[in-house]
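These are the residues of each chain, in order.
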Amino acid sequence: MKYKFKNIKIFDTCSSLPILSNTICFHGNPLDERGDYAISLNIDNKLINFKYDDENFNIIINGETFDVDEYENEFLTITESSIIIEATTLSVIDILFILKAIKTISSIVDIQILYIEPKEYNFKNSSILEYDDFELSSKFKEFPPVPGFTILTQPYDEVDEERENTELIAFLGFERTRLGQIFTSDDGATYTKFTPVIPLPGFSPGWENRTISSHLKFFSSKYVFNKLEYVSANNPYHAYKILLNFSKTRNKFRIAPIGTKPNAIGCAIFLLNNDTNNGINSGILFDFPTKIKKRSNGVGKINIYMLIKD
Amino acid sequence: MAEKLSSIFKKNRAEEFPDDLWNTFILPIEYEQWNLLENDKGVHIRGGRGTGKTMFLKYHCFPTQLSNERISIDENDIKQIGIYWRPDTHFVQLINDKYLKDKWLSTFNTYVGLSLIIKFSKFLQKLLISNYTNTDTKNKLKELKITSILKEELNCEENTLYTELHKHCNGLLYKLQNWLHSPQKDMPLAIDGKASLYYIIDSIKNEEILEGTTFHIFIDEFENLTNDQQMIINGWMKHGEKPLLYSIAYKKYAEISINTSSEENTQRRNDHRIIDIVDDVYAKDERSFKIFASEIIASKLQVFLNNKDIIPLSDRKQLTSRRTEPYKKQMLDITKTIFPEKDYATISSDMINDNTIFTKVKKNIEHALKDKNSPLSADDFICINNASASLVNSILLFRTKTNPSKLLKTFNQYKEHPSSRSKVILEYKELISNNIVAAILYLYTYYSQRICPIYSGFNRFCMMSKNNIRHLLELCYQSFIELESTIEDFKQFHETLPIVPLELQLKAAKFCSKQELETISELGPYGQELQKIANRLGRIFHLKQRIKTQSKPENIHFSVETLALDSIDDKIKTLITQAKIWNVLQEYNITKNTPNDIATKEYMLTPMLAPFYTISPRKIHKIPFSVDELKIIFLDNDEKFDKFYAKLIKDWKVEDKIEHIQHSLFGDLF
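The listed protein sequences derive, respectively, from chains A and B. Numbering of the first sequence is given in numbering that gives the first Met the number 0, commencing with residue 0 and proceeding in unit increments. Numbering of the second sequence is given in numbering that gives the first Met the number 0, commencing with residue 0 and proceeding in unit increments.
Don't take every hint at face value.
With a Cα cut of at most 30 Å, we get these calculated BS3-like pairs of lysine-lysine [unchecked claim]:
(1) B:K572 - A:K140
(2) B:K97 - A:K251
(3) A:K216 - B:K9
(4) B:K570 - A:K140
(5) B:K283 - B:K639
(6) A:K45 - A:K1
(7) A:K292 - B:K630
(8) B:K639 - A:K290
These are computed hints drawn from the structure, not numbers from a lab.
Could you put the whole structure together from the sequences, leaning on the hints where they help?
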């Protein structure tokens, strides 16, 4: 069973939105105006607050805690044939675990993913980063492993000529620190090749320059830079295709979805559709940023992705 | 031969170098004391980021020991074999009791056990193709099949050879990884990490192979294991004895467990020998670091210049001659030639001869004289031939206790009899020497587009690198990049020593300084906070550098005024530890033999940041902060910090309120 994209639609705020009703909506805690708005769109739906707790390796559903190997049982009680995943308020890892659980439940056939772009992000008026950096996150974790999506790598070892290389493919956003953390955590010992994926076109014209300039130093042999890839910032399917193509010539790689949410959704679906059963040994690297409240302003475009199972 | 000089300086991370370091590793000059393979017990090896820890470990491991470059390897050379292992720091975090409950311990044992068996099997494979002279052993080893017990334990095929065992174990590790995706199933395999390897070593010895050899496992990045995992390794280490020893390496100041899992075994800190890569091995004092750095630079240049004259630095037989004074001097002379420096007197003289700066000095003196209602002329305090004294005069005159007429008298006496032994002149000379750097820096703070010349020269590069070899090599690399950008024909560099002009060194220093500041945000989980703190401290030190009186000048370190340790926030303590681990702050004792707490320490901002903030890289006068001020700098938001900063401007009577630092920070990137 694999997930397939049925369609991807983008709406303005004034459009009438084809959001499913009388069903279940998985969501997280809203941090800004668009988050509140996303939840308000689901007023007619049964809301389920879902959160993966990376410190304790468990899952919290409506306040109740479950082990990672138990939470899927909770999904068995779902009688609806369609569900909504409110991606504006959920993290990519939350989305990954929700999609993992419903993958095997054959009665659920339609999955609607909702993602609302902000009108604008907040510029950082701090004295530390004087270029117009975005203040999006206050703290990152050191990429804790995610159960079920963590692969083992072995560092460079020249005695072993048959060694499998581990590569890194990272979907980038604005926050340079997030990629830098991956490289400083092991002093660059793990990866033999690094492929950055730049959102182009970005959510807004010119934002890709921001991504490129803030990551420029990583595009060098010192960071085993391989080649730049480009992905449409608000397109999960495009991200998915890039990974599919990438995986054709690789055995082992880690994916870091540290850029846009739509791209991260594409990464999650790739990981669920491709595992060791079809010869792909890939895992996820995510740093669980502590997002700053009111990190963005306003409600921008509304993205609705329909997934079906095949 | 490398095409560009800069390219041989580009690789400055151990991981970019091969595992075989036989001919490339630069032996520490007192190597005999630090040979890791002479130990009967495991050791702790610690060193900060970029200090050469991994290289040092790898030099002691089998890919180097069995290097193809070694023409003949006998029993003596393999009395102790080093095996380097670095856990996958991301993966290993998954092996914990929260996720795996009671299975975590056997999972960890199996992970480490398989990883080490793989390494061991690769060692055997490498031994076969090496120039080890004992063909008997080689022939036996070539055919040696694993025991039936091991075959059962590891689910191996019949007739698996020891030298091929790593292939099978790689597959087992893959199975273990996949089992970890859904650990509610039964484990695919569980082995005891320590006992399995011990059993394999024992089985080989039973076949009269490598009977006299001890195996020494070096576990790098130990701090990245969980606390529980560290305790397991500590137990192995504590009970390590020939023929199987364990040592660990970790970042200095990282909080690691020294306990073992069985409580009665709690070790005292002194139970194991600690080797500090910087303080013990490479930089016992400033001069040893300079010599070590010069040797590294010389050996890299040797590759470039195709020059065979330099002593082979990997050769143990050469250690004695490397300890002679003429040799050390020769090394230092090489780097001093490549990175020339100007003394402070020459810098002062250049400044006085620069119209813009001269005018500024004169204006300052006029201003000071006016403040003091003195009728004297500014010109009297300036003398082209006594530049340092003139510059220092321009700051002394602002000080309340300075009497202009008295100063002028002394200055005139000094001009006439500079070598006089009179008390007044000696005191005046001391004033000049104590204030000249401050005066130079003070004047340069007016010109944000110019780079203060005190950051160039090999000695000053070393001062800024502060015993960190990665920083020093980065400064060299950038300098050569600058040099190459000014020259079209690189051929000349292949024949003689390159000489990097002063202004190019300064550009490189400023670039590296900025780069270091940018990198701080990537260092560990508190990186962003550390960057904010470093920037706030840098701005404060810079502000202090702009005070016209320059009393207690050259600030790059601080202390905390408190007697009650409890009054310091825990979060601040965590941040200070993190800053130490990542070399953002360096800690010093205020006095000797004081209790080990923050109240008795001084903290120096990494001097790599000095060029960026136009501050002194020397630890001269500290700024004592109150506990509240410390909190503002470390924890409070920008609004509160800006208020505090504005208060400092007022309190310190800094006149010029133009904040060029703030605007140039990263500014030219965009």
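Hint-by-hint comparison with the structure:
{"no.": "1", "hint": "B:K572 - A:K140", "in the structure": "holds, 19 Å"}
{"no.": "2", "hint": "B:K97 - A:K251", "in the structure": "holds, 27 Å"}
{"no.": "3", "hint": "A:K216 - B:K9", "in the structure": "holds, 14 Å"}
{"no.": "4", "hint": "B:K570 - A:K140", "in the structure": "holds, 16 Å"}
{"no.": "5", "hint": "B:K283 - B:K639", "in the structure": "violated, 42 Å"}
{"no.": "6", "hint": "A:K45 - A:K1", "in the structure": "holds, 26 Å"}
{"no.": "7", "hint": "A:K292 - B:K630", "in the structure": "holds, 23 Å"}
{"no.": "8", "hint": "B:K639 - A:K290", "in the structure": "holds, 22 Å"}
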